[in-house]
Amino acid sequence: MTVYLDTSSLVKLFLEEAGSAEVRALTATATIATSVVAYAETRATLARRRREGMLTPRTFAAAKRAFEGAWQSYARIEVTADVARQAGDFARDLLYAGSTASISHRSLRSQAAAPSRFRASTLT
Numbered sequence: 001m002t003v004y005l006d007t008s009s010l011v012k013l014f015l016e017e018a019g020s021a022e023v024r025a026l027t028a029t030a031t032i033a034t035s036v037v038a039y040a041e042t043r044a045t046l047a048r049r050r051r052e053g054m055l056t057p058r059t060f061a062a063a064k065r066a067f068e069g070a071w072q073s074y075a076r077i078e079v080t081a082d083v084a085r086q087a088g089d090f091a092r093d094l095l096y097a098g099s100t101a102s103i104s105h106r107s108l109r110s111q112a113a114a115p116s117r118f119r120a121s122t123l124t
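Residues in the sequence shown are numbered from 1 upward in steps of one, following this note's numbering.
It is worth saying that the hints were derived from the structure and are not from the lab. Just so we're clear, the structure is a prediction, and the values are computed from it rather than from any experiment. Careful, some of the hints might be misleading.
To be verified - Restraint ranges, calculated between C-beta atoms of paired labels, are given here:
#1 Q72 x L26: 12 to 22 Å
#2 D6 x R65: 29 to 39 Å
#3 A25 x A81: 34 to 44 Å
Backbone N, C-alpha and C fix where the C-beta goes; we use that ideal spot for every residue, glycine too.
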């Protein structure tokens with residue numbers, strides 16, 4: 001099985017935080033795939049947490065070393081023009097889906113509060 005991890009999930013492999021155990025369990029026997037962009041983002045996240053005092057120098061160095069050691073084993077997805085275009089389409093679709101869900105949710109809340117004779121379903 002291959003599991004794609006974005007940066008926020010990837011970081012959970014190297015730091016103890018909410019969700020770390022779940023990500024580790026999910027990836028224990030899986031191939032990890034991630035974008036090449038995650039390399040810079042993960043390093044930046046570790047550095048930011050060190051600057052903010054969330055990591056001791058020792059914890060920072062250990063997390064960075066562990067990440068560097070694991071990076072070569074990941075299936076890395078290059079960001080090509082086609083991948084960027086697909087990501088843009090995906091983001092657009094998510095925006096539409098989120099907007100529709102928001103309207104549905106507001107509509108359902110409004111309908112639930114309205115007298116029954118005014119309730120109507122406008123979205124399917």
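Hints, one by one, checked against the model:
1. Q72 x L26: 12 to 22 Å: holds, 20 Å
2. D6 x R65: 29 to 39 Å: With Cβ atoms ~22 Å apart, the hint is violated.
3. A25 x A81: 34 to 44 Å: Since A25 and A81 have Cβ atoms about 36 Å apart, the given range 34 to 44 Å holds.
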